[in-house]
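Enquirer: As a plain string of letters, each chain reads:
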Amino acid sequence: MAHRETNGSKLFITVLCMVAACSAVPINDLLDRASQRSDMLHSLSTTLTKDLSNHVPPVGWTMMPRPPLCHTSSLQTPNDKEQALQLSESDLMSLARSLLQAWQDPLVDLSNSANSLLHPSQSSISNKIRELQEHSKSLGDGLDILSGKMGPAAQAISSLPYRGSNDIGEDNISKLTNFHFLLSCFRRDSHKIDSFLKVLRCRAAKVQPEMC
Amino acid sequence: MYPGPTSPVNRLHKSVSSVRSSGSRQWTQHGQNTEGETESFCQLKARLCGATMKKVLEVILLLLLLVVTHAKGTRYSPPGKPALTRCRSPEKETFTCWWEPGSDGGLPTTYALYYRKESSDTVFECPDYRTAGENSCFFNKNDTSIWVNYNITVVATNALGRTFSDPVDIDVVYIVKPNPPEQVAVTVMEDKGWPFIRVSWEPPHKADTRSGWITLIYEIRVKLEEENDWEMHLAGQQKMFNIFSLRSGGKYLVQVRCKPDHGYWSEWSPSSYVKVPDYFHREKSVWILITVFCAFIFLILTWLLHMNSRSLKHFLLPPVPGPKIKGFDKQLLKNGKSEEVFSALVATDFPPKSSNYEDLLVEYLEVYIPEEQELMLEKSMDLDVGCLKCEGSASDSDSGRGSCDSHTLLMHKCDGVKEEEERQAKEARRHQKDWKEEASTYAHVDVSPDMSSGRVKTWPSVFSPLPRYTSNQQGSLEMAKQHYLSDSLFPTSSTSSYHTQPGHGTTEAHGPGYWECGLSNKQPHLLHPQAQAQRQLQARSDDNISSIGRKQTPAGLHSPARRSTEYVEVERVNEEDMVLLQPVSGRCGDVEGYPEMPYGEDYSKVKGVDMDNMLLLQREVREETENCDTSSTVTTTQKPAACIHSAMPVEGEMVLGVNGYVDTATVCTPPTY
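Top to bottom, those sequences are chains A and B.
FYI, my numbering numbers position 197 of the first sequence as 197, with every residue one higher than the one before it.
Whatever position you read off the second sequence (first residue = 1), add 1000 for my numbering.
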């Protein structure tokens, strides 16, 4: 599946490049594909979170302090539908790209420490994290091309720095806890990205109401 | 933190304290007013007593109640732990939470829901307990934030205590469960005579799919009314779906539901009923017709088969032919006695015994040429008479081999077809015997029916390629001694296959081992039978060849009294191209009682046959000795000086027979120059 994803992403990029050169593929189509990819990304992260939370010992929950904020929380995102729908396309695209960009490093860290995680389904978790990485990378590349078509405003990316990898923790319990926390943050952010892209898709496909 | 409701006990304390305080107040007031108003003191006192009495009564009642209940044994307890069952958002803009109350502890219990948003310590109570029904809390749009964690707790309170439920963290975007699709329309449509159902619907009106806020996918299920199994169809994002493969005349139920891209399936829409019209009758009737038709044809075929069963049987399984051997008795065979069976087949006089040689000798052919024909013969000059040139006339006078080139049997030409009587029976027999032997060695001949230009075809094509002989005809011929023998005809009880029928133009060989000299059909018989001698000229003329067999004697011929073979040798050819024959005088001195040659001096011996089918004749004056000598030699090169034609060099393989006869085969093989 990873290979397929790499090939798929490469294909996606190739097509997008060709499109950029030829301007043959309409933006509707590109947005549709981007939405599908973000949908997949979110589903994967949901599955991963559930896998992980099945086996986290309840002790960890009680010990968990008030959940810290995700490192992406500094980014201003709409809180409800009205706010979200008021955003412009460029803003939506920019937010999506920023969020995606913010998760590249943490995913790397997660992938690295997944190997040493003590968990019953550790191997599947490790695989899924790797898949997450690839999906997110390919989506990022696609969004780069899309945003290039949409104008400079869409290309603005807010930088969201990530703390270091030492936050993951040393002992297994804290490791697991931090894993869970990070993955839940990612799940939410991936949902945001997905929502924004779908709103964009619907806006772009005015002649095709069945897209929405 | 949480303002506790006033408990009844507190209230009791309060009331008692208020009574006491009021009582004390009263008393204070009363103290001040004692000197002036002796008359109102009693009234005041009564009033006070009344109020106090009421309060005291209340307390006593309550206490009594407590005591009583305590005395009866029932316990009041604080409420049981409530539990939040679920929280759902139908459109990602509002949401509702439901809880399950625990035991109420016997006392009226109240429930409250409190929530806290992520990263804030402010506790809020549920704004709306009613909209969503019993034990629920509805959060409207203003209170709903998405992508924000809610921490929700439900508290149950009764007179005796409070109980908190387990807190629940929710994010509104993860708990979306839309309403079922609306306006489900089911219609029956037709596609080339085959009906199908078209289902169409609308998304729930609350869900905002137009802006892309929610993306819904749909699912349809169908079943027949009387069955239990649903047929599921995933329709994706479209709002219309076709269902095919319907049962004719069936009544179907159709339901639709939807699901957001990351959320829960909605409930099924209410059933829509649809009845499919009957379309199958048409088909059924066609099939019935076809079946009846086939059955009818099948019946007819069966009847025909029955009628013709016998002939069909004969056609398919032809009867085995029985043996059709004459004299063969099937019944005898069935009876199983082989000796009897085969005895009928046995020809008693086969093989012929030696004493019957004479009988077996071929019946000569007595040819009778009527006068006219003789004249005709003499006159006919243009006959292409090829000389039979038998090379190496070594064959003696009574060479039994009919080593003649059949087509150039010149006898018929020369009127001197005067057969001379000769032959001793012995020699004839001997020759016959030899000849028979040789005859048997020859393959079945197949005389080619080449009757061109008056040739006498005495030869099977095996031996002589006739055309060659024809090419070289010159007028002069040298008659070599040519002996023609007819085949000995073995009498058989069976139909003789050798006899030729008059008028047959062809010279077919009859039976194996027989070879005959055939004359062309133009020539009448040449042989003039002599009364004294029997000749053995087996000439078969096409005109009136007589059957050679015993069975037939053609007109004009009579079988000689003596049945011995007689040999005739062609002495010479006269000027008119007629072959003069003389009886064979084989060995010198062997001749027994040979009559003198009736015709004297004009005979010549046939020395051989050249390739032109010409008889090579020795032209010298007949001298018996010479003839004898010459006849006994086999050399190919021997040519008497008087021979006009030099004998053609026949192949050196001439086989000398026992009696000096020339092997017919070699004689008549095409000589190579």
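Everything labelled a hint here was simulated from the structure, so no lab data went into it.
Some clues are possibly wrong.
Derived EDC-like pairs (lysine to aspartate or glutamate); straight-line CA-CA distance at most 16 Å [claimed, not checked]:
hint, chain 1, residue 1, chain 2, residue 2
1, A, K81, B, D1169
2, B, K1251, B, E1227
3, A, K81, B, D1143
4, B, K1239, A, D80
5, A, K50, B, E1219
6, B, K1259, A, E82
7, A, K50, B, E1190
8, A, K81, B, E1339
9, B, K1275, B, D1169
10, B, K1206, A, E82
11, B, K1141, A, E82
12, B, K1117, A, E82
Output of the computed footprint for chain A on chain B, the stretches with three or more beta carbons under 8 Å from beta carbons of chain A [claimed, not checked]:
hint, region
13, 1145-1157
14, 1207-1215
For clarity, every value in this text was computed on a predicted model and none was experimentally measured.
Glycine is no exception: its CB is placed at the ideal position from the N, C-alpha and C atoms.
Enquirer: Counting residues of the region 1207-1215 of chain B with a beta carbon closer than 8 Å to any beta carbon of chain A, are there 3 or more?
Expert: holds (count 7)
Enquirer: Hinted pair, alpha-carbon criterion (16 Å max): K1275/B, D1169/B. Please report holds or violated.
Expert: 48 Å, violated
Enquirer: K50/A and E1219/B were given as a pair; does the straight-line alpha-carbon distance stay at or below 16 Å?
Expert: Distance of about 25 Å is beyond 16 Å: violated.
Enquirer: Mind checking the alpha carbons of K1206/B and E82/A for me, to see if they're no more than 16 Å apart?
Expert: 15 Å, holds
Enquirer: So is the region 1145-1157 of chain B in contact with chain A by the C-beta rule, three or more residues under 8 Å, or is the coverage claim wrong?
Expert: holds (count 5)
Enquirer: Is the hinted pair K81/A and D1143/B satisfied, with a Cα-Cα distance of at most 16 Å?
Expert: 13 Å, holds
Enquirer: Keeping to a limit of 16 Å between CA atoms, is the pair of K1259/B and E82/A held or broken?
Expert: 22 Å, violated
Enquirer: Between the alpha carbons of K1239/B and D80/A, is the straight-line distance 16 Å or under?
Expert: Distance of about 27 Å is beyond 16 Å: violated.
Enquirer: Straight-line Cα separation of K81/A and E1339/B no greater than 16 Å?
Expert: 122 Å, violated
Enquirer: Can the restraint linking K1251/B and E1227/B be considered satisfied, given a maximum Cα separation of 16 Å?
Expert: 10 Å, holds
Enquirer: K1141/B and E82/A were given as a pair; does the straight-line alpha-carbon distance stay at or below 16 Å?
Expert: 10 Å, holds
Enquirer: Below or equal to 16 Å on CA atoms is what counts here, so check K81/A against D1169/B.
Expert: 21 Å, violated
The structure shown violates the earlier hints numbered 1, 4, 5, 6, 7, 8, 9 and 12.
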